Every structure is written in C-alpha cells, then in structure tokens.
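Peer 1: These protein sequences, in sequence, are chains A and B. Residue numbers for the first sequence, in our numbering: 108 to 497. Residue numbers for the second sequence, in our numbering: 108 to 497.
If you are wondering where the hints come from, they were derived from the structure by calculation, not from laboratory data. It is possible that some hints are incorrect.
Since the list gives no way to pick out one identical chain from another, each pair is judged satisfied if it fits inside one copy or across any two copies.
The calculated lysine-lysine pairs, modelled on DSSO-like cross-linking and capped at a C-alpha distance of 27 angstroms, are [what the hints assert, rightly or not]:
1. K168 / K186
2. K186 / K171
3. K455 / K425
4. K425 / K320
5. K427 / K320
6. K399 / K427
7. K247 / K138
8. K320 / K455
Here the structure is a predicted model, which means the values were calculated and not measured.
Below, each chain spelled out in residue letters.
2 protein chains.
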Amino acid sequence: MNRAMILMLGAAISSAPALAQGGAAAKEDFKPSSLNQPGQQYPQVNSQGYARFRIVAPDAKAVKVSLGLGGRGGTVLTKADDGSWVGTSEGPLDEGFHYYHLTVDGGTFNDPGTLNFYGSTRWESGIEIPARDADFYALKNVPHGHVQQVLFPSPSTGTQRRAFVYTPPGYDQDQGARYPVLYLQHGWGEDETAWSNQGHANLIMDNLIAAGKTRPFIIVMTYGMTNDIRPGSPGGLASFDIRPFQTVLLNELIPYVDGHFRTLADAPHRAMAGLSMGGFETKLIAPKNLDKFSAIGLLSGGTFSMEDVRATPDFRNKVKLVFVSFGSRELDRNRTNLPPGAPPSDPKANAEALKAAGINSVFYVSPDTAHEFLTWRRSLRELAPLLFRD
Amino acid sequence: MNRAMILMLGAAISSAPALAQGGAAAKEDFKPSSLNQPGQQYPQVNSQGYARFRIVAPDAKAVKVSLGLGGRGGTVLTKADDGSWVGTSEGPLDEGFHYYHLTVDGGTFNDPGTLNFYGSTRWESGIEIPARDADFYALKNVPHGHVQQVLFPSPSTGTQRRAFVYTPPGYDQDQGARYPVLYLQHGWGEDETAWSNQGHANLIMDNLIAAGKTRPFIIVMTYGMTNDIRPGSPGGLASFDIRPFQTVLLNELIPYVDGHFRTLADAPHRAMAGLSMGGFETKLIAPKNLDKFSAIGLLSGGTFSMEDVRATPDFRNKVKLVFVSFGSRELDRNRTNLPPGAPPSDPKANAEALKAAGINSVFYVSPDTAHEFLTWRRSLRELAPLLFRD
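Just chain A, same shape as in the assembly (with noise of 0.2 angstroms):
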C-alpha cells in the first residue's frame, strides 16, 4: 500500500467539520436530527447546522462529544440543573452526515438519542445537518427500488459473504429487462451497510430514475476486506493486499449476482466506483479487468492521470468512464486543516488531461464538504447519469 493511501485513510477516520464565526449565538430554532431514535429529542440541529447534544447521566464527572471543532477535540457537556449534560457546538458544522461518539467519564459510549452506522471499525453515533439540496436524497413519494441482502458462497474465504444488492423500480414487474450494474465500494471502517444507511445511495437512485435523469441500474455493494483491518491489528492497513478481496469480487460475487439477477452481464454494462478507501481498491482492481469493467469511479479515493492511463493496456478502447471526484474542502490547500489525505498531485489537471486527450473524464467536486458522506451522496447524484450510456 502506498503512502497516498494511508493518509487517505487516516482522513477517514477523523471527521473535520468546518466552522463558521466561533462566538456568534446560536439561533433557536432547534429541532430533532432526522436520524434520531423514534421519539427522540436529541440531538437537534438548528437552521445554521449548529448541532446541540443532550445526555442523561446525573452522576457522571464529564461528558463529551467527538463532534465539534477541528483541533478543539469535540463539544464538552456541562451539567444542568436536572442531571442531564447539554452543550452546542461552537459553530455550524458542515451539511451532511457526521459520524461520532460520547465520552463519559472517560469511557466510549453511544449517543442514546440517534441510530448507529458503522464507521471507524465500530457502529457509531450520527447525526444529519440538512443540507441546501438534501432534496436529492430525500424519501419522496416515488416509486422505489429494493434493497436486498444477499448471502453469497465464498469458497476463497471459506465463508457465506454478505453483499445489498439495490435493484430499481420496474426490476419486479417486469420480467423480461436486464439491467447493468454499478460495484460501489465504501471507505476504511465502513462495511457493506454504508451506502444505504449513510450513503441513502438507493434513495438518490430512485429519484434520479424518478426524475428521469438516469438509466436504471443496479448497485452491488458488499464488504471491501477479507482481514481485520483494525489499525495495529494482525493482517491491519499495514499489510493490506488487495488480491483477496480481489478474489472474493471477481470470482465470487459477480457470478453470483450475474447468476442471482437479472444483469447484462458484460463489460460494457458493469462499472466499479469507490469512496475513500474503496477508491483505491476500485483503481487496484478495474484498470487491470477491463474485460469485466467499461467505467471507473474514484469518490476521494485517489486521481487518474495519463500515467495511469498509459500503464493500462486498451484502455482507450475499453473505458467508457473515469470520474473523480472530491469535497472541496479536500481540495483547499489554503485552508490549515487540510486533511492528511488530501491527493498528492492536482487531481483536476489529471482530470482535464485525460479530457484533452480525448478521454471520456469527468471531474466533480462538492462544494463546502470534507471527507464525509455528502460529498459522497452528491458524488453519486453526478456519477449515475453517466454510466451506461449506449
């Protein structure tokens, strides 16, 4: 694994929201996250993405929030009259999805008020910021497509896999379509659950298919590691491998879900995209299968360059597709809390290179967003127009 990598990775794990004016009073117009708990009041959110916390533990000694502001460690609690530990971040964080967790008197916990998804290797508390477009991926009175659990064979790893398989609106009822289907990967610490709990991956589907913008498709998403990949770990990132997962992909899965659904099962109607750490497995793996892949996607996960280009056989032939995209605030090399994962060459002049080279290459980047899922959510809204178009 290259350095590049690692650092990427190392940005996953640490969410940097940005902050607006420190200082300036919070307006009160709080409401409930829209991914708390049913019936739960905190933690609520007001209209400027300011995030406000409220835990019930009367005897605790401090109470902390991971979430807050770059550098400052998180939002620390204090105790109110009734027992309960409130506190409101400094400023706005970022729209979008957060991860994070508690610190009660010094220990790891949950937030007992909003549902978990799985992030950093562990299911972690989350929190929604509404963002300006969240209309996107909002549950809308369309119809929808199915998220379906597969459990695959897999003699590589001498276990049953477990993939979700989003199948569009129409797949059901009409017997006789076929369909491509698009292998998207999730980041370090994440699982095969990401896409559709954080990403709502099936939700932006059904909506660009809606809107009609979009060819139907199918998205394959499962696990994207075949060892403990803990940081520390025995078989952690340190000696990461791709070919088992590689193994698990190409020979396991992708019979099974050509086997399972109603695919076009070729080239020309499979693509592979990533986010993060699943960016560099997409890079890894489809560049070096273009017999099974027509389009690559890196979701900041890495660039494309014309040397990449170059090191991959026919692949002016056979690429349909090479999108990257970013969070802009990837990209701003101004800005001090730069992520450590930040490309280490300029992945838009990569970009427009392929483009002048008359590569079918597509750059997007999200505005106002870090390493964190919406840049990610709006990474999919760009790219799922694009695939498949013959």
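For this one, chain A is given, so just place chain B on it according to the hints.
Peer 2: Quick look at chain B alone, frame taken from chain A:
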C-alpha cells in the same frame, strides 16, 4: 385493548432470564458473544451460559448491566485495576437472545462491544447465549434466500412505509414459480427489523428449505404500529386501535407485495402470525379477514379457544391451521418469576379443545425459554413446515 394484552406487552419489556444455582464458580471457558461488533472481545459467554461483561470507563462511579437475575436488577460491575469495569452474571442465563443495556453513572447507554437490536422502543445491546439446538438458525453453507427492504406507499398514513421481504432460495432463478406468503409481526417495542436481526427468520427458512422440511415461501415483515407506542405518550398503548395498522396491512402492503413479488395471491396461500403484541394483532385481524388469510399463528401472543372459533363465521371451512406457542417459562405457574403476561386461560387446553373439534390446531412449547426470541425462533421452525400444505 384488553387487560390481558396490556399484561402481555408488559412482559415483553422485562427480560427475566432464569438462573441455575447461584454462587457456583463459573467455568473459565468464556468466548466473545457471537453478536459482538467486529474485533470486540466483550461481552463473553461461557459453556454454561454465564455472561461476562467488561466496560472501559475509568472515571465512572458505577456501572451496571441490566441483564442478570430476575428481581436483582442486573449485574453490578466492579472496577478493575486497569480502569475497566468487569462482572459476571451470578448464574447461567437462559439460552438464546437477550436485550440489555448499561447504566453508567445514572445514564442509559449501550455496551460498545456488541451490536444493537431494536427492542423496548430503543436500539438495545444484544447478547446470544448459544442454545443446544442453535444449528437450526445458524448461518450455514446452504443456498440462501434474500431479505429485501421495500418502501411501499401508504396513503392512509401519508408516508412511505418500510417492510422486509424474505424471498426463498431459487426465487430469482425460476422466474415462473409463484409462492405463498406469511405476514409475520414483531412484538411491542420492536420493529420490522426484529424477525431478521434478532429472529434469524431468513436463516431458519434457508435451513428448513435445504433440509426439505418446508415448502419455500415468502415472509413479509413490517412495522405493526402506526402511532407512537411508548408508554404514557399521546396515542400510546392505552389508546391502541388495530384499525390504522389493519388498513396499512390489508389495503396497502398486501397489494404492494402481490404487485411486486411472484406470490400466490389468495387466502389459501396467505398466512398471518406474530409474536407477543404481533400475536394479538394477528388474532384481531386474521379471523375477521378469512378472504385473505387461511392460517393463524400466535407466538407468545394469546390463545385461541372454542369461543373464538364460534365467534368466527366460516371458521371450519376457511382456517387450515391455528398455531399457538409459548416459552415453557411463560406457562410454569409454579415459578416465582412468572411473567405478568402469562396467559389468562390454559392455552394448551384451548388448543386441545380445537383439535378434539376437528380443527387443525397445533400447540408448541419451547423448552426452558421465556418471553424472548429463542421461543419465537423455535416457534417459526415448528410453524413453517405446517403452512401451505395443499
């Protein structure tokens, strides 16, 4: 809602695992629970069914686990030299799945070591005490069905509602086959995730089908309430009304399922069953809608008497099966910790009266289990082979 129902629902809230001899030293062969988060070493379970907990919270004053002994309020942890809190249940817990949570300095949190499951109207920690017969719900190298998340339009509630649909192995390959459907309801405080997550309904079916013990059929699981059901809340249990859910089920979900899945869309091929509150719902809905359902399953959710038979027009012509089950600890009136929801009349005598009257009545008791999920996993194992035998 009658008093028996309120009592039964109360029983669903408190898990009351049984204890063998207290005081005996636990065997030191503890292993991580099968429900732990990836890589987590605690909680652990030994071969006798003792549970051991370890929580890191170096500055806490008191840490307690809600799971432990009936009437003693759980397992109190003690602080170890390394800042963690550790403790072992005073005796073996009942085999199977248990919900629990932590009390840390007066606050309610989940155990960061284990996965969460929706119960008691919150996502709770879960632990699995391996059952002697655990093989029937194990993940094995057999063909697996899929569990599909569907979002169906519900005009009556003005929402897009969620259901999970189990389609059996072979469903995708044989595009001509049509299947019967079981509508299977969760208990109070749970939701549509319970039967797959806690119940392993999909694995139970996969294993039964692989062994040739049941006809393959579809299972549909949806949320059985349309209002806020937390005790004391407006629109809560006290004002329980079956009609809104019945409208969702009969007028919205069933047409959606029959329109999107290859079902046998008639009463002989449609059954309804549920656990605890879901059993009460089944009894309220199915006998009054025998144009839609021909089999009825009450799992720790009430009994069916000759009086009920006489109150149901056309019962003998239309009902092909009445299945009633309980955990043995729910029936043993000699036990001092008998749950408050124990059946008001003798369910076994009721079942035998139906049988004597020529009705296909089956009564099942799960050995050594209470009002908990092993009772219901076993009940599904017993129920499935009896369904749709035309």
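Peer 1: Next step is simple, just say for each hint if it's right about the structure.
Peer 2: Hint check:
no., hint, result
1, K168 / K186, "both (9 angstroms within a copy, 16 angstroms between copies)"
2, K186 / K171, "both (11 angstroms within a copy, 22 angstroms between copies)"
3, K455 / K425, "within (22 angstroms within a copy, 69 angstroms between copies)"
4, K425 / K320, "within (24 angstroms within a copy, 49 angstroms between copies)"
5, K427 / K320, "within (19 angstroms within a copy, 49 angstroms between copies)"
6, K399 / K427, "within (12 angstroms within a copy, 51 angstroms between copies)"
7, K247 / K138, "within (21 angstroms within a copy, 45 angstroms between copies)"
8, K320 / K455, "within (25 angstroms within a copy, 59 angstroms between copies)"
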